[in-house]
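Mind docking chain Z on chain X? Use the hints.
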Amino acid sequence: MSMAVNPFEPTPPDVARDDGAPPDDGAPPDDGAPPDDAAPPGDGALPEERATTEEPVAPGAEIDVEPTHAVSQDVPVQRPEQPGAWHTLVRALRPRATRAQVLTAVLCGLLGFAVVAQVRLTHDTSLSTLRQSDLVGILDQATRQADELQREAATLEQTRQELDSGSNSRQAALDAATRSAATQGILTGRLPAEGPGIIVTLTEPDGSIRALTLLNFLEELRNSGAEAVQLNDQRLTASSYFVAPAEGDGVVVDGTTLHAPYRWIVIGDADVMATALDIPGGALASVRNDGGRGSVLRKPLVSVTATRSVPAPVNATPVLPKG
Amino acid sequence: MIAVLGLVIGVVAGLLFEPTVPVSLQPYLPIAVVAALDALFGGLRALLDGIFDDRVFLVSFLSNVVVAALIVFLGDQLGVGSQLSTGVVVVLGIRIFSNAAAIRRHLFKA
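Heads up: the sequence lines are chains X and Z, in that order. Residue numbers for the first sequence follow this note's numbering, beginning at 5 and rising by one. Residue numbers for the second sequence follow this note's numbering, beginning at 68 and rising by one.
Bound conformation, chain X alone (with noise of 0.2 Å):
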């Protein structure tokens, strides 16, 4: 089929015509559309099987054979197009030492050579075949990405270091409320202490000894630095209490009935205690004045096993510290 044949034929553009079309000074197509001398118009009605019978014979014949037909028949016959296509590929398959099948077949060689040689390369190695546009594009790339990359590590960093010390921090704190805990937990009554300190004993052999005199007594050892308090087996703190009972004798402390003898356990300065209760009209004078007896036993190490339970504060609250 030619394309002044059929005027509904798409016309390709001009640039992609111009690889096999003969220039038009008339040059002769010396063989690449032999004329169709064998094939009448009406033949061909299937040139598929033609093309698979055709092509066993191809065998041997591709060098030697003189180009027989390759003469000048100068106009190329123009021929009905069902046969056409497939006549002229079919023919152009045959092979046959023509000029043009040789130079074909070179050039065909050579494409194949170079895209091999290229697939190849595209395969081995993809840096060393980028032009130097791109690979200053991607060192640029990857510049920039560890750029990135070291600010984000600098900022984990940061922030593990923050962590880090977070968590210095939040141990310090806890150790030091663990601290306070302790201390306020001895102070309040709350934990046994020991310690050492002074065991005293007051008996009434001749009398009672009074509320009073046991509140005294209790002040005289605070104010000698007591630190942790048991009277018998109540823990005494800054809340404590004594009261005389409504009847009978002894004392009633935070609620609870004590009678004689009165066991002082204290841990704080032994020698500073001691003293202070045995000054002249101190509490042990007092102790004396209501008729009972006193004792100081100073022990390296007293244990105040006691303890009480603190009510949670009802209306008070703690006010967290500025800043």
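What the hints contain is simulated information worked out from the structure, not anything from laboratory work. Glycine included, C-beta positions come from ideal geometry on N, C-alpha and C. Take these hints with a grain of salt, some might be off.
Said to hold, decoys possible - Ranges between beta-carbon positions, derived for each pair:
{"no.": "1", "chain 1": "X", "residue 1": "Gln136", "chain 2": "Z", "residue 2": "Val71", "range": "34 to 42 Å"}
{"no.": "2", "chain 1": "X", "residue 1": "Leu139", "chain 2": "Z", "residue 2": "Ala168", "range": "32 to 40 Å"}
{"no.": "3", "chain 1": "X", "residue 1": "Val140", "chain 2": "Z", "residue 2": "Val157", "range": "56 to 64 Å"}
{"no.": "4", "chain 1": "X", "residue 1": "Gln136", "chain 2": "Z", "residue 2": "Leu72", "range": "19 to 27 Å"}
To be verified - With the Cβ distance kept under 8 Å, some of the chain Z side facing chain X (calculated, not the full set):
{"no.": "5", "residue": "Val78"}
{"no.": "6", "residue": "Phe124"}
{"no.": "7", "residue": "Gln144"}
Relative to chain X, chain Z alone:
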């Protein structure tokens, strides 16, 4: 047939010899290959059009390759090598497609 044989021989030779492409040619080889493919399709179409001419085919094959490589080289010198090679590939691709369409119309009438 000889053309197909030549193609096969070229591929086999490429596989056997494992050619190393010179560094200076490396940017141009892919473009040249695409240009050669374009020429090949153009030749096939001309064959089906009945206007095949081996001289024209040879010249167009070589000139296609050279011109394509030249364009890319020029683009490299001008600093627009990658863009220009993309453009060349696009143009050649369009040509290959239109040629393939013409071949298809010839062979399948569709």
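Between X/Gln136 and Z/Val71, does the C-beta distance stay in 34 to 42 Å? 39 Å, holds
Next item in the hint list is Z/Val78. Is there a CB on chain X closer than 8 Å to its CB? It holds, given that the least Cβ distance between Z/Val78 and chain X is near 4 Å, below 8 Å.
Would the hint on Z/Gln144 stand, with a C-beta cut-off of 8 Å toward chain X? 11 Å, violated
Taking the beta carbons of X/Leu139 and Z/Ala168, is their distance inside 32 to 40 Å? 38 Å, holds
Indicate whether the distance between the beta carbons of X/Gln136 and Z/Leu72 respects the range 19 to 27 Å. Since X/Gln136 and Z/Leu72 have Cβ atoms about 40 Å apart, the given range 19 to 27 Å is violated.
Hint check for Z/Val157 and X/Val140 - Cβ pair distance inside 56 to 64 Å: Check failed, 24 Å falls outside 56 to 64 Å.
Can you verify the interface hint for Z/Phe124: is its Cβ closer than 8 Å to any Cβ in chain X? Where the cut-off is 8 Å and the nearest Cβ of chain X is about 5 Å from Z/Phe124, the hint holds.
Hints 3, 4, 7 from the list above are not met by this structure, while the remaining hints are.
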